[in-house]
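A.B. asks: Chains as they are written, first to last, in full-length UniProt numbering: chain S, 1 to 517; chain Y, 1 to 298.
To be clear, the hints were calculated from the coordinates, so they are not data collected in a lab. It is possible that part of the hints are untrue.
The calculated label-pair distances, taken between Cβ atoms and stated as ranges, are [to be verified]:
hint: 1; chain 1: S; residue 1: 101; chain 2: Y; residue 2: 282; range: 51 to 59 angstroms
hint: 2; chain 1: Y; residue 1: 120; chain 2: S; residue 2: 214; range: 14 to 22 angstroms
hint: 3; chain 1: Y; residue 1: 94; chain 2: S; residue 2: 254; range: 21 to 29 angstroms
hint: 4; chain 1: Y; residue 1: 243; chain 2: S; residue 2: 428; range: 28 to 36 angstroms
hint: 5; chain 1: S; residue 1: 446; chain 2: Y; residue 2: 172; range: 33 to 41 angstroms
hint: 6; chain 1: S; residue 1: 428; chain 2: Y; residue 2: 236; range: 31 to 39 angstroms
hint: 7; chain 1: Y; residue 1: 120; chain 2: S; residue 2: 32; range: 55 to 63 angstroms
hint: 8; chain 1: S; residue 1: 189; chain 2: Y; residue 2: 244; range: 41 to 49 angstroms
hint: 9; chain 1: S; residue 1: 222; chain 2: Y; residue 2: 65; range: 51 to 59 angstroms
Some, not all, of what chain S presents toward chain Y, calculated at C-beta under 10 angstroms [to be verified]:
hint: 10; residue: 25
hint: 11; residue: 118
hint: 12; residue: 265
hint: 13; residue: 400
hint: 14; residue: 442
hint: 15; residue: 447
Glycine included, C-beta positions come from ideal geometry on N, C-alpha and C.
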Amino acid sequence: MTLQEKLALIVRDSRLSPKQKSNYLALEADSSLPYLSISEAVTQAKSTGIICDMFEGNAPFKPRYVLPDYAKFLQQGSDYLELQAAQDLDEALNALTIIYHHVPSVTNIPVYLGQLDEILMPFVDGLDEELIYRKIKLFWIMLDRTLPDAFMHVNIGPSDNIICRTILRVDAELKQIAPNLTFMYDPDITPDALLQVAASNICECSKPHIANYPIHKNAYDKQGFGIVSCYNSLPLAGGANTLVRLNLKEVALKADNIEGFFSQTLPHYCQLTYELIEARSKFLHQESHFFDSFLVKEGLIEEQRFAPMFGIYGMAEAVNILLGNPELSEVASEKPSKHYGHNKVANDLGHRISAALDSIVKSTPVTYGYHGRALLHSQGGISLDIDVTPGVRIPYGTEPDPISHIRALAAHHQYYTSGISDILTIDETVKSNPEAMYQLCKGALSLGFREFTANVASNDLVRVTGYMIKLSDIANFKQQGSRTNTTGLGAEAAANTGILNRKPRVTSHEQSPVYAK
Amino acid sequence: MSNRLSTLSKTASVNQIINFSCVDGPGSRLVIFLQGCNYNCKNCHNPHTIDRCDSCGDCIEHCPTQALIMTSTGGKNTIRWNSDLCSECDTCLAVCPRQSSPKTRKYNVDQLLEVIREQNPFISGITVSGGEASLQLHFVSALFQAIKTSDELQHLSCMIDSNGSLSELGWQKLLPYIDGAMIDLKAWQQETHRYITGRDNHKVFRSLKLLSQHNKLYEVRLLQIPGVTDFESEIDALASFLTQLPCETRIKLNAFQHHGVTGEALTWQTCSKDNIERLASQLTARGVKPIILPKVYI
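Based on the sequences and whatever the hints tell you, model everything.
C.D. replies: This is the structure in structure tokens:
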């Protein structure tokens, strides 16, 4: 299809809103520019699906993820936006509403809305519970309706406070796909009763994710971090300039044997991945003028706090290929097997691959990185991934029981500084027993899970990687389209990747990169 | 020392251990299914847990992966099951003349404690189920006593899932160590109960009473089988009995389905959502609470 034909299809599509059309047109324009200068080897690896640039655009003019310091913004106001420092809760919510529309990301709308309880707590003095509830509820509805993308992400916790509790209350009540929500849990700070509320919310609406606060906190300096989009942990007042990901399945297929994989194939393709990372981040930092923006001038973000994310996926397939295991079918999942997720030898090989990646990423300098380095990321996949499993996850439909599932994957979590997501699908019987969810979550975090994420079978609101979709929306999408951008992605993921198979499950997908009729 | 020795020497015949269950008591639970039951319920959905394997060996030649072999110790033949070779095809269950499972494993208390310690971070407690767990009373009470006297495990709640046929003397042995019991009341009338289970239900009523007097009755389970159980025809008597139980006792309604069922019960009608909701509303109208309804009908 020629570019013009594609543009014509987009403008004529009855399912898309004008805004959605504008976005797709912009993406096509971006993709029509000549690609940055890269070597023949990288071009080859890109075109054969070994390395993927996540369709961020041929000439990146904005970072993938941006995490402004919203606390600073509320305290100082903004010259550029002509806003004074916020004096009360109404002004704070109003100022945030305004700035969100000026924070870019790969999706064109913000993927990080802030550590909302911490930044709003200075404004609640003298307000009673019901008043706070009404204001937060309106704010929540506004977010869902005006920033229609479930990659935009709110953080709360680990402390127990009225905003945190109100957000949990409102979120369970409204069951919106947006915003996405992470609850930070710290066993030394968070009361068990509050974690129990969060666990009950998961049973209600599959949100929030529970983050292992001490592990994330220790990975960054005292300026802190945020969890954005799906499961991306990044420096606060910074972000990710780009995300390039490596398909471990394809890398394993290129290797003659396990030792060759570690000594040659993996290092070789990591090097090519770095070449692409360098090319992309250099263009953004040196040529796009993004870092001249008011966000930088007013100190809300700092250029040196941006890092490239080194993403990987297809671990399960890589391990099974290297061990010579045949493809594991869903039917065989309950039986003893030698496959990844079920067998110690396979799981250990997976952990060894993660450790090798960790050592490469920690020792390879980049021009624009966090302390000069990229951050390793277990990438949740996109809707175009067929026959390859996101990140280090166990393939859909073949997962063991939730505890064995957690045990099989826990050792990976130490390595993936910028995020890792293993989504547990829990039988819907848990709905009458949220304490079970709570206990499972505590167990997972105690074993070193960075982030605990669960879908409850039968909930209409389910997670597709980090973002949420409503099954009822998907059912309607084909006929009517959707007000919410991510519904289309979910529908596509449902069709391509079997996320709605026997066990209601999830695929990963951070962005729908291309227009597909 | 002698007490310790007697504990160690006790073994249980275990059909299965499930790491994570949210339907067998409060919170997340490790469930130990013991082999053997004294009831012969027509609707049993795990009929291979009823009889103990007598090591007749009939299953061995049918096993496609040679996971079953006969061993002889002291002139006694025993079937050994190698779980590494097993493909869980369940052919052995299909060919067993007793409808029993050769895939059981003996555990002593220490071995089970080891399993429990490993799952400890993830669970709120232990549930013993079956088969009929109370048939291995001495083992269960030794296990629970060991949990309740261990610094590391005593926070775990100990529950038993039972058909209620245990004698009063038997319950007295367990009461000091259990946090609660979940009891099936399979039918109201004696004849119906006998028709379904092959046994009377007077011991079940005695168990319910005794456990509630000691505040150990966590849950009463009623399995609704349309046209077979008599809960609807006896609704007044049933409701009046249930309302006299402690108010925190959960009344859980289960809907009969064909999953795992063999024989005559396969001709019985399964229980629909409407049917169970009707029963629930009849009980609610008579003051019974709290009632727990099934989350799934499959």
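A.B. asks: Tell me, in ascending order, the numbers of any earlier hints that this structure violates.
C.D. replies: The structure conflicts with hints 3, 10, 11, 12, although it agrees with all the remaining ones.
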